[in-house]
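Just so you know, the protein sequences line up as chains A and B, in that order.
Using the working numbering, read the first sequence as starting at 2 and increasing by one per residue.
Using the working numbering, read the second sequence as starting at 45 and increasing by one per residue.
To be clear, the hints were calculated from the coordinates, so they are not data collected in a lab.
All values reported here derive from a predicted model rather than from experimental measurement.
Check each hint, because a few of them may be wrong.
Just so you have them, the derived chain B footprint on chain A, three or more residues with Cβ under 8 Å [as the list claims (entries may be wrong)]: (1) 69 to 76; (2) 84 to 92; (3) 95 to 104; (4) 126 to 139.
Straight-line Cα separation of at most 25 Å, SDA-like style, residue types lysine to any residue; simulated pairs [unchecked claim]: (5) K328(B) - A158(A); (6) K328(B) - D348(B); (7) K328(B) - A155(A); (8) K328(B) - V156(A); (9) K328(B) - S312(B); (10) K328(B) - P358(B); (11) K328(B) - M311(B); (12) K328(B) - T42(A); (13) K328(B) - P159(A); (14) K328(B) - L157(A); (15) K328(B) - S284(B); (16) K328(B) - G310(B); (17) K328(B) - T12(A).
Just a few of them, taken from the derived set where beta-carbon distance is under 8 Å, the chain A residues facing chain B [claimed, not checked]: (18) T12; (19) R14; (20) A29.
Each residue gets a CB set at the ideal place from its N, CA and C atoms; glycine is no exception.
One letter stands for each residue in the lines below.
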Amino acid sequence: MATLADVLDPTGRSAVRSVSNTRAPRRADLAGARIGLLENTKHNAALLLDEIGGLLERDRGAVTVLRRTKTAFALPMPQEQLDELVRECDVVLVGVGDCGSCSAAAVADGIALERAGVPTAVICSDAFTTTASAMAEVQGDPGYAYLTTPHPVAVLAPEAVAERAVQLAPQVVGTVTADGATAPREQAS
Amino acid sequence: MTAVGTADALPDADPDAAWAAVEHGFDQGWSDGLPVVPATRRLVDRFLATVDRSPEEVIGSLEHLHRTVTVELAAINAAMAGCRPEYFPVVLAAWEAVQTDRAATGGGWQSTSGPSPLLVVNGPVRQELGFNSAGGAFGPGFRPNMTVARALGLIVRNALGVVPHGFEQATQGLPGRWQVCLGENEEESPWEPMSVEGGVPAGTSAVSAMLTRTVEYVDNRHTADPEQLLADFADTISRSGALIFGHAPAGVVFCPEHAQLLAGAGMSRADVRAWLVERCGRTKADLARVGKDGVGPNGVRFADGTTPPADFDPLFSGTGPEVLPIAVAGARNAGISMVVRVFTGWSARSVPVLGRTTPGSSS
Chain A
2 MATLADVLDP TGRSAVRSVS NTRAPRRADL AGARIGLLEN TKHNAALLLD
52 EIGGLLERDR GAVTVLRRTK TAFALPMPQE QLDELVRECD VVLVGVGDCG
102 SCSAAAVADG IALERAGVPT AVICSDAFTT TASAMAEVQG DPGYAYLTTP
152 HPVAVLAPEA VAERAVQLAP QVVGTVTADG ATAPREQAS
Chain B
45 MTAVGTADAL PDADPDAAWA AVEHGFDQGW SDGLPVVPAT RRLVDRFLAT
95 VDRSPEEVIG SLEHLHRTVT VELAAINAAM AGCRPEYFPV VLAAWEAVQT
145 DRAATGGGWQ STSGPSPLLV VNGPVRQELG FNSAGGAFGP GFRPNMTVAR
195 ALGLIVRNAL GVVPHGFEQA TQGLPGRWQV CLGENEEESP WEPMSVEGGV
245 PAGTSAVSAM LTRTVEYVDN RHTADPEQLL ADFADTISRS GALIFGHAPA
295 GVVFCPEHAQ LLAGAGMSRA DVRAWLVERC GRTKADLARV GKDGVGPNGV
345 RFADGTTPPA DFDPLFSGTG PEVLPIAVAG ARNAGISMVV RVFTGWSARS
395 VPVLGRTTPG SSS
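Next up, chain B with everything else stripped away, as it sits in the complex:
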């Protein structure tokens, strides 16, 4: 069931006044480049009414910029992003999930790498609010997916004050920044929900989050052999351009077809991860060719040139979901999955959605 009611639209809304209010948002510097909804007290109070939280509660800060995020500010920015009030519990869970990423509380938003959150929603809230978890999961086209992700971007921009060309120093950024919030396709996934690995029981609505640098597809409709299929993923995961430090995390959002093929061969999520952890990486010869064969005392790669060519540098620093999170999303119509370039790793802590995620009265 999708919540698309318009019972709370003002019957006498003046389109010209709405346009003026949208322009006001641009004039104030509050917009990410798209129109923002003017956040009135009346509207924001509807957001706050969905959760049992004090509006003054501080839920994030960048002390070095002297800026804080409160529940009230989160609600204002969520309203501006185009969320419906009943999305707000998801916004707060998503924000808290992002805060579990250490880069988000350090200098991540200021980074030249311009990282963007990847949000994964599990549980019944997907149906309650109409989150897309099937075809086109990476968006656009679905209001909850788009506006929840956008709300976080507006919070960082407005409440934390990290604005492009100011404190935000992304060299190029990435396509889909502040736009990726996908429902996990639990209905067609052969495995437990991703949030179970994040410590939240199946059937409980939750959000998982990690910072990412981009996603890149693996299109393999060519083999029914699970090892050939995974070798195709290992090749993309191991590409040298993504390497900065000695090790790097990565993620995979499998399409249902790939996930089902692997599960049909008897592989659990953990088996898939173990297979990839064992094989992903590059030889020193490969790395020397791109000036990245050495690893300095600060962990950063450099052009050494004297390393043993046949030696193998494994990509992953560990074996758990922290370095290789795995989700399932998309349509069951082709073997097309995404490798996710994860910025610093996944906290492996999913955050339960707490609050009212159904439309309220139109007072």
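Isolated chain A, as found in the complex:
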């Protein structure tokens, strides 16, 4: 006679999951750092990253060298795009995780960049922390620290996006430089 132990598992999930919280080495500061911006076509994403990049140039001596668009926003970036960012940039900003699939994908991108040795700041809307954190777990890095900004982002006027950038810039610096390397997940105010 069958028992409950004989009921088949419908998930196919293997019990063993490798965990690696590999972080790229942190820079002491951003002076001369080559910044890459990876925006995902979500409304205001490119503008927000541009604004933050501008602040890092103005206040920290970084230089924005690459602006890339992830057209398949729902999925992790293609390998060629990852290779290019790793080759050309010292620091990458990724965002904005502002939908069900792209928030998770942004976290996967951040983890991939860190594992390839590039300090990365991923920015998600705070309405998507569950799915963003779930992706960090799936990628074997459950403690991955991404930044959040209050929802919604897409409907903000340009001036409001600039304000968000001012709020986020210090947290981005904290995330990608030595000071912030061991900090827990940070929350934008």
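Starting from the known structure of chain A, arrange chain B on it as the hints suggest.
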């Protein structure tokens, strides 16, 4: 003929044990909120016996979530959904049909829009298994319709790991998610089966699928003029709330009465589509009023406010079944049809049902 035999029920089944097994399914997190049938090896093997497929064959994946669907996992979830074993060839065809939708292999299941498959079954398998294609076609009430649609939902939940409040981020979802699998009412449709437009000959059992965001009725028992009738559909199809991008697809599930009225006026399915494609859309003035008159470089609409008010934005990006699929279902008792809000479009690829769709022996 409806397959409702119970020859394979265990004569000494213990209802208390069945209840415990149902609770076990909930406890494991395997349920969509309704009881699931405990899938034993014995039961699942009956599903696998209906098709000539390797249980290990991978039939879908979300690589970014490190999850795959095999024939075996599909069979387990179909059994849990309440399917009979002989429905399994339809489940596999439906799954494959859904996989032809590019959103289903990207981030569609994770989307805030919470899309749901609309499945359309054609051919003799409707009678063999008892699919409803007449009254109440959108359900519920009929085991094959309900359980085949539910099986796909359980596959996405369990095998792909896209669970509500986890990777599934639907803002509100929609009524009837994972519940809509209708037989096309070929017997009362004036046109060829929908699956013919999907590349499968009439008379061959097949499943067509597309992701949808909801359906909304057009009740018109008011005119015998085909153009007035179609204008009523054009109004619903063109509603601004459904617009996100420059263009949008839509579908129609006509009731037999509407379809027959149109066909009686000499219109083919293609004629109906062409009429709607030509007329559906909104003026820039209408769109400016709701902040959607502009179309950005990424294809997304935005509040421009400087567009010429009299200009007309056609809804459809093309003229084929990919942007405006048309099916016929329901009872021949009123002029009530459904406009379907299609998520990304129809692949226009129907999938033949391959396997044994009759009850097997009760070994």
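Here is what the structure says about each hint:
no.	hint	verdict
1	69 to 76	holds (count 4)
2	84 to 92	violated (count 0)
3	95 to 104	holds (count 5)
4	126 to 139	holds (count 6)
5	K328(B) - A158(A)	holds (22 Å)
6	K328(B) - D348(B)	holds (10 Å)
7	K328(B) - A155(A)	holds (22 Å)
8	K328(B) - V156(A)	holds (20 Å)
9	K328(B) - S312(B)	violated (31 Å)
10	K328(B) - P358(B)	holds (10 Å)
11	K328(B) - M311(B)	violated (30 Å)
12	K328(B) - T42(A)	holds (24 Å)
13	K328(B) - P159(A)	holds (24 Å)
14	K328(B) - L157(A)	holds (23 Å)
15	K328(B) - S284(B)	holds (11 Å)
16	K328(B) - G310(B)	violated (33 Å)
17	K328(B) - T12(A)	violated (48 Å)
18	T12	holds (5 Å)
19	R14	holds (7 Å)
20	A29	violated (34 Å)
Checked against the numbered hints given earlier, this structure breaks hints 2, 9, 11, 16, 17, 20; the rest are met.
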